[in-house]
Each structure stands twice: as structure tokens, then as C-alpha cells.
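Asker: Residue numbers (my numbering), protein chains in the order written: chain V, 12 to 181; chain D, 34 to 592.
The set of hints was computed from the structure by calculation and includes no laboratory data.
A few of these clues could be false.
[What the hints assert, rightly or not] Straight-line alpha carbon distances no greater than 25 Å define the calculated DSS-like cross-link-like pairs of lysine-lysine that follow:
(1) 130(D) - 227(D)
(2) 281(D) - 306(D)
(3) 279(D) - 66(V)
(4) 66(V) - 198(D)
(5) 66(V) - 363(D)
(6) 66(V) - 281(D)
Given next are the chains, with one letter for each unit.
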Amino acid sequence: MTKIWRETGFVEHDPWVIETDDVKATEAQKPLLGLDALIAKAEESNEAGLGVVIKPADDVTRLQPYLDRLDIVAVAFPAFNDGRAFSHASLLRQRLGYANELRAVGDVLIDQIPLMLRVGIDSFSVTNETALRRLAENRLPGIPHYYQPTARRAEGGQAYSWRRLPAKSA
Amino acid sequence: MYRYDEFDHAFVAERVAQFRDQVERRLSGELSEDAFKPLRLMNGVYLQLHAYMLRIAIPYGTLSSRQMRMLAHIARTYDRGYGHFTTRQNLQFNWPKLSEMPNALADLASVEMHAIQTSGNCIRNVTADHFAGAAADEVADPRPYAEILRQWSSVHPEFSFLPRKFKIAVTGAERDRAAIQVHDVGLHLKKNDKGEIGFAVYVGGGQGRTPLVAKLIRDYLPEADLLSYITAIMRVYNLHGRRDNKYKARIKILVHETGAEELARQVEVEFDKLRDTELKLPEADVQAISAYFAPPALPERPEGWESLARWKKADPVFARWVQQNVQPHKNPDYGMVTISLKPIGGIPGDATDVQMDAVADIAEEYAFGEIRVSHEQNLILPHVALADLEAVYRGLVAIGLETANAGLITDIIACPGLDYCALANARSIPVAQEISTRFGSPERQAEIGELKIKISGCINACGHHHVGHIGLLGVEKKGAELYQITLGGSGDENTSIGEIIGRGFEPDKVTDAIETIVDTYLGLRLDPSETFLTAYRRVGPQPFKTALYGASSSAAEAA
């Protein structure tokens, strides 16, 4: 059972579907297109409110011309140990200035979610049972002292320029 | 030395709590061993042949007496009374129970230590010259930069799931004692023509099954750009490093396959976007961190010159120890002492709780409470007055750590090998012990001079055999152990990878083979000042091949 979680809680009636050969978005749903398909669609129409899924080997900077037409970018973690999406998220937020929903999809585990939040991911497609239970209990295993600036808004940390503390208000 | 502030204390305490929660989930069965593995690895916990192993970080190899006593306490309380100092300046305990590890980590946290990122595919403990702050040939102390990198890389969210592990080493001297050219990133502190501190940046060195010497990708990086430039390297590696084959996943393979020039270009493009961001290091921060590493105030102790001469005359064994294990300090009244953890016939790098406690006491009394771990698996007292050398020596004799062999043939680096390690193909420790015993006589070692033997029990090369003047690699052939010999490797400022000399030797023949090589060297050197490495570089492998395999060896190979 997959659920969408954001820091405000679980999201009901999420419309986004990653299309495959077998799975297509219904009338009530919206497709998360692959990078090439998204670019093709954006080039041939003026449609906005689009969604895209970035795979680990994709060049995320190709999204730059279309960012204002995207409601959501999903970054894929095909396995927990494939960390490329952390860099994709960092580039989207810090380099490209993308401000809409940024979702982690794939192998999304409880111990990684605090790190994903810090690089600017703010939406999580979660299947893992432990992760779902701990999120429901609002028990995130993060470390609220940071030694590096990242995409997520934070307070200046004690003493040195590279340190950060959680933002006082969300 | 760096001291934790409130922020660091809070961070480490939170990390211990986080790991305690993970261990509890593992022990309750909620986490499978497979799911637990990446979590425990991120905190230095390996599953070895017989038990879990805990690897404790000793940042850039610097320890206080208080910290050393805590390591002794952990050896006593959670292990079997000893620990093993590693080639990455860390300490490994081989027998702690998983259920007790959170308590051991809490004990460590009380003395500002941890096991964070001592394993896993993340940025590992940053290493540095073990003579930092004391060596006469130093441009600047590398440890403040290593400390800044340690902090910045701790639980870095973008770089915690890299293609493979990532090792950074920093040196501040022309003589490279940190082996920076066999690290993923090597930083060499230097000054530009305006006298400003910066770094030469090397990338893509490493050992393992594909040994490669690092490439210089930037001749001078300003100090303020350290974190932006390293972030640029990490990001290029995280996005483009190979993930399809763990043996091709290190950055050295990316550098090799992409080409150093193209990789440097990609890094520069990323760096250009990062250099004027919040990653820029303010001068005040560098100064504040550097202040922690200010050398101790060294009182003038000129009386040591005369006393030392007298003691040496009275006791030739002491004189030999001074000759071999004490190096000149930048203050002429002081010396840098190497405490050899290579007793003749012993296990390289091992120390007991009693020895650790005693070294802590000696350091406190005579060496400003400061101890280093060298990547050659020895301990260092970086600031000892010549006038105190005799007392230090007597203290070391009392605990059996007075072996006068620093840099000599019995100062062997060896990995834990098949006695402990789940990856090993062959044993390393018994081979080191036998070689050490064979060459143990002080006169013979002195005659041979500087000669570094390094032994790895498998292709992963934890024993650094590729950069041994003589390297031994244990392999498994048809169910039996065999040792392949390489010659001419070196891990200093003139780094070279050793060449395989020929077919391997059985365990009971390998010491004889080493002896043949040594005798061949003694026979062909120009004079006793020509070291093994210099001689090898002059004559090449053939005389050694002939001695080992017979006169027909070159013809046979050509055929």
C-alpha cells in the first residue's frame, strides 16, 4: 500500500501516477511523464500543471526552460543506496530555483527521509511498512544539528558559517 | 587540539540516540540484517568473520591522553582488552556485542569521539600528516582544514549514498606522509606567490584491485573555496560515478574513464556555480578553527642536548631507539617520537588496554597530552623535549613498546587478513610475524636501512601493498594461500605503484623470498646510503627476478 506523505500529514486523493506500459493515468489522474516525454509535450503545447519523473541518469538541468509549467517533479530512488536523486533535488532547488512540489519516489525508507527533507524534497511516496508506521506516529529519526547549508531553509548554526539549525517556523 | 562546542556535543549525542534506535529495531527483528547493514555501516559497524567489528574515528589521527584512556576503557569493557590501529588512523575493536555498541558509543561521546562515517559509501574519516604541527618542513598545519572537512562532511545529506566510499587526505609539507596520491581526493597545502594559503588538488588515486595514482586537477585552490570545490567534485562523482559494478565505482575509475582533463572541466563548471555561495569559507572561521591547533607553548629546554648525548653514550640500545624513532622537531630542543606498534614477531597495529593507558600517561607527563596515530599503524608523540626522551623511553620499555624499528623492514603494515576479515583470501598477520622474526635483529635491520613492507590479505589492498617498497598480496589459488610479491611501490610525494615480480609463493616460502630480495638489494646497492627503493628504481626488476626465479626468468616470460 503506497501513501503520499508531506510534513502536514498523509495526502488523500493524490492525482499523480507514474505511467508505464501497463499503468496509465485515468481521467481523474495526472501522469508523471519521463523527462523526454515531458519536454516533447511542453514543446508541442502551452499546457501547464505538468508533472515529470527524473530517473537517476537523467540530466535534471534540461528541465530549466519548463520549470514554471511544472506542478510536481518526482525524483527516483530505485534503491535506497542510489543517491543520485539527492543531487538532482539539490540542483532543482538551489541551482534552478524550482519551488513547487518535489517528491521522492521508489525505495523511500524512514532513515533516509530526514536527509531527503534537507535537500528540499517535500513530498514522499512511501510503501515501506516501518516508514508508514513511523510517519503516522510522527517519529522521524533525524539529527537536528547540521554541518552544511542545504536547500531547505534553516537558521544559521552556532559559531561557523557552514553550520545550520532547523528553521524556527516551517 | 579541536574541542567540541555545544553544537558538536548535541550532534554526537543525537547520532548515538539515532543509532541506538536502529540497533533496537535490528535486535527486535523489525529490521532485517540486509536493511540494517547500510545503517550500521554508516556508523562504523561491520560484520566480520566471527563477530561485529566497531571502527572508531580518530579524526586526522589526533588524540588526547583523555581520549586514549577512554579507548583503553572500551577495550577492557566491551572487547577482549585490545584494539587495532588502522592505516586510516582509526581504531578497530573486533569483539564488541551489537547490543552493547550504543553504550560504547555513548562512552566515546563523553570524550568527544564517535564512529560516524568510518564505513559506508560516504565521506570517510579525513586523514592528515601524523607529524602535523611539529614537522620542520611544513607550510601550514593541515589539521584545521581536515577538521573543517570533517564537520562539513558529517551526515551530509547529498553525499551519504555515494557510488562508493570516499577518502580525503591532507598534507601541509613537501614530504608527503599522508599518502595523498592514493586517496580519492588529496590536498596539498601550499602558498601562492602572494604568500596566501591554498591547495593543490589531486583526485582519483586509490589502491584496491585497480591501483591508480591521483591526477592533479588544480594547481592552486584558494583556501576560501575549499568547501565549494570539494562539493563540486562530490556532486560530479555522485551523479556520474559508476554504480553498475562496485569494483568500478570509486572516483578513480571515473577519472580514468572520463579523462582527468574532462573531469577537471566538469568540476570547474560546477565550482563556478558554487564558489560565491554560502559555502565560501570566511577567514574568521578558518582562523577560529586554526586556533584550536596552535602548537603547545614549548619552553626552552636546551639542557636536553647535553643529556641526550650522555645517555646515548651510556646506553647503545637507547641510542638506537633515538636514532630510529625520534625525528627532528621544528623546535631544536624537541623531537617527534614514533612509538612502534610493531614489536618483533608481534601483530602490527595492536595495542592492549594497559599499553593505551600507559601511553596516555606518558603523553600527559612528557608530551603535552597529545598523541597521534600514523597511517603506518604506529603512535606518535609529536612534541617531546630532548631532555625527556630518556624518561619516555623507560616508560615505553615498561610496556614493551620500545621497538626501535620506525621505517625499517620490521615496521610492517598489514591488514587484519583472514584471521578476522570476511573479505580476505589469505592471512596477513602470521606472514608479518614471520618476516618480522626473521629480520628482527637490530644490526641486520640497521644494515638494510629504510624498507617498507606492506601486506594485504586480498585485492582490496587495505594493507597498502601496492605502495610497499616490497608489497605482498595474499591470493587464493586452488584452495591454498599464495602470496604475490610487488616491488618498487611508494606512497610518498613520488608515489608509484609496485610491479608484480612473478608467480606467487606459498606461505612457508614467502619469508625466504623476501630474504632473497633483501640479499639481492644488499649485493647491488651502490653504498649503504642507497635505499632499497632508490636502488630498485635504478636497476629495475630483473636482478630480483633472476634471484627469485633463476637466470632464465626473463626468457621464460618472453616465451
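Asker: Which hints, by number, does the structure contradict?
Answerer: 1, 2 and 5
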